[in-house]
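Undergrad: Sequence order for the protein chains is A and B. According to the working numbering, the first sequence is numbered sequentially starting from 1. According to the working numbering, the second sequence is numbered sequentially starting from 1001.
In short, the hints are calculated from the structure, not lab data. Mixed in with the good hints, there may be bad ones.
[As the list claims (entries may be wrong)] Chain A is nowhere near these chain B residues, computed Cβ spacing over 10 Å in every case:
(1) Lys1019
(2) Phe1049
(3) Asn1085
(4) Pro1114
(5) Val1156
[As the list claims (entries may be wrong)] Pairs of lysine-lysine residues, derived as DSSO-like cross-links and limited to a Cα-Cα distance of at most 27 Å, are as follows:
(6) Lys108/A to Lys58/A
(7) Lys108/A to Lys1019/B
(8) Lys1151/B to Lys1098/B
(9) Lys1151/B to Lys1126/B
(10) Lys13/A to Lys1019/B
(11) Lys1126/B to Lys1098/B
Quick reminder that beta carbons are idealized off the backbone N, C-alpha and C, glycines included.
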Amino acid sequence: MKTNDVILQTVTKVTLFIIILFSIHLFFAGHYYPGGGFIGGLMTSGAIVLLLLAFDIKTVKSILPIDYIKLTAIGLLFAIGTGAGALLFDMPFLTHAYTYVNMPLLGKTSLHTAVLFDTGVYLVVIGVTMTIIQTIGESE
Amino acid sequence: MAFQILLNFILAFVWMFLKTSYSPASFFVGYLLGLLIIYMFRRFFHTRFYLLRVVAVLNLLYIFLRELLLSNIAVLKVILRPKLNIRPAIFALPTELKEDWEITVLANLITLTPGTLVIDVSPDNKILYVHAMDVSDIDEAIQGIKNTFEKAIMEVSR
């Protein structure tokens, strides 16, 4: 019997955005507070899993037309790129640099190349988690 | 559209609460992040991504200001000319706009640009009667209004 999921779907439509915002908060909090790329990525993929639970795989694919395998590759490239970038400045592999910049909105902010590395981690975690879940979900 | 804006505001406030900093700057950062998330999930909504409509409104404003300037210059030329050889006319402008506010905006835009003036709207809201100060070609005038104002208004309400 097909049940009506209208309550689940409507609640998903609002909570999904709050969960993703919280995951971005966790991602940026990583340097000074608990959080970081791994937990942020897991929570983002958790939000997409909620979407998968409320709707079906086809709808989610039409809403988010992302190839998660490519996303994993892009994340790995981010991590290698920030590591290799240090070689250009005569530094050992994976040496990170940071600087303090006065941004127009954020005030005094420290820009750290570790954030780019974390972005790589974030994308790989989303990519791997979603690939695992979608591959299991698609097989009969 | 209203739902998307409301959601964006809620997300901005959630961001402020997460950061426990209640400054306008953190509201703005939260608003931008919310905008980004809503853009990512834009296919999720039945209506268009709402920023497109904001852009359409700004475009309508730009068209209005441009036409206002250009046609004021045109009227100035007519006034300063020693001989008055203008050809006034009243013509019917068929419109495709349906909503009350769309017709009102179109009529106000036509009236506020000098040289043309909306006299009356037909009872079935399909035809606008426009008085023009100097028309050499009526079809050209109709097409001019249709291509600029009507198109821009449709872009907003679509």
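Undergrad: Against which earlier hints does the structure fall short, listed by number upward?
TA: 1 and 6
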